[in-house]
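Chains W and A, in that order, are what the protein sequence lines are.
Here the first sequence stands for residues 498 to 746, numbered as in my numbering.
Here the second sequence stands for residues 498 to 746, numbered as in my numbering.
Each hint should be verified, as a subset may be incorrect.
The list makes no distinction among identical chains, and a pair is therefore deemed to hold if it is satisfied within one copy or across any two copies.
What the hints assert, rightly or not - Once the Cα atoms are required to be at most 35 Å apart in a straight line, the calculated DSBU-like pairs of lysine-lysine come out as:
hint, residue 1, residue 2
1, Lys674, Lys571
2, Lys571, Lys639
3, Lys674, Lys646
4, Lys571, Lys646
These are calculated hints, taken from the structure and not from any lab test.
There are 2 protein chains.
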Amino acid sequence: MSGSLVIAGLGPGDEALVTPEVSQVLAEATDIVGYTPYVERVPARDGLARHSSDNRQEIERAAHALEMAAAGRKVVVVSSGDPGVFAMAAAIFEALESGDSAWRQLDIRVLPGISAMLAASARVGAPLGHDFCCINLSDNLKPWPLIEKRLRLAAEADFAMAFYNPRSKARPEGFAKALNSLRDACGPERVIVFARAVSTPEASVRVTTLGDAQPEMADMRTLVIVGSSLTRVIERDGEPFVYTPRSAP
Amino acid sequence: MSGSLVIAGLGPGDEALVTPEVSQVLAEATDIVGYTPYVERVPARDGLARHSSDNRQEIERAAHALEMAAAGRKVVVVSSGDPGVFAMAAAIFEALESGDSAWRQLDIRVLPGISAMLAASARVGAPLGHDFCCINLSDNLKPWPLIEKRLRLAAEADFAMAFYNPRSKARPEGFAKALNSLRDACGPERVIVFARAVSTPEASVRVTTLGDAQPEMADMRTLVIVGSSLTRVIERDGEPFVYTPRSAP
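Turn these sequences into a full structure, and let the hints steer you where they fit.
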């Protein structure tokens, strides 16, 4: 088997945030595999087959990518952000572990990307500058009580928190519940940042407090950051800066 | 004031992991500021002043960078990895908040980088593929009992955990205590990854269990990842893969 499988992070949207390492594997690939909007970020060219699929079909997509690599193709599975953070890398390894044992000897590499969390944090300052956690608020793949438990423990640990997939049309009520839990645990003055589609032309950022936050401020393109008890807002003309100091008492 | 201040992430070491956005600001800078080994990653050229300082002098370095930007220079403060994760961005905002109020109107931007955490995770597979936390194990800027508390709560939340600054020559005993706490909370079978200097020529990776982990397996260039209860190891010829499934029961 001379094929290879690379799981590559395209970053949050801006081409200037794609690493040279990822650009090079995209230029050498025979097959690009992924969710349609991410595959469309890779320009068509002779010798390149682009395989798009729907968002929910992660395991089928992973098995397809492994099959093509085993057949000798140079396959790149693309994710936005970083492929290891709530993206395709875990799905590939799930398919690898349960699939054909010969797949384990394939040349498989994960190439990191600028995650939505890091891009959102940079856009507003440094809200993740001290200990933090990162939680996927979707209950598609885990029970809601586990999410609530993690929110409660993260607040008790006084972590800053980054939230992926805060709110979808299919489950609008989850994020409202999460905001209520966070308000109870952290108080209404706690800083919250809604960073939508950072690094794209549709980017928007809102800095407010848990007391003033509304569920409608988030959608599936929004990365939400809740500060720790020490997180500070620096007001100035225009967007404020938000940061968490390096020290804790 | 026509100067500017950019806090830029150089990624974990490999030049192929520096984003084009960061490469461009480095090419246009008049002044580079940072810890000596990071400043040395930016080649000398006419018109560029490079200001190196020791690791501990973060606030002095931040104030110096702000002063130069206020004087009209195009200043880039460099961090390895991502500047917002236990690096220079928080120090800049601390200096900004307590310093000259005119500084607040400066053109200040943070440019994200590939963090050590994302590079280490990608190198071994996808151990951060589900909810996780990120903790700085140095007690230079926070009390040790707070670190212990966070370890206990992170284990209770069943987060995967990424640890920065696990062990220095000046404080070798902290990481031994942390390993003991984690062993008590997570059991001896729990997966632990020692990922040293990933993406550099000195890179090395070791995958083991908390039961077999020794404090000496980490130094200040090591990023340590402890899996959640669901984290899996896929054995194969050569380095195994480590991943955390997307689903939790």
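For each hint, the structure was consulted:
1. In the homo-oligomer, the alpha carbons of Lys674 and Lys571 never lie at most 35 Å apart, since the shortest distance is 44 Å inside one protomer and 45 Å across protomers.
2. In this assembly of identical chains, Lys571 and Lys639 lie within 35 Å of each other by CA distance solely inside one copy; the values are 33 Å within and 47 Å between copies.
3. Taking identical chains as interchangeable, the C-alpha atoms of Lys674 and Lys646 lie at most 35 Å apart whether they share a chain (12 Å) or sit on different chains (26 Å).
4. Within a single copy, Lys571 and Lys646 get their C-alpha atoms no closer than 42 Å, and across copies no closer than 46 Å, so neither meets the 35 Å cut-off.
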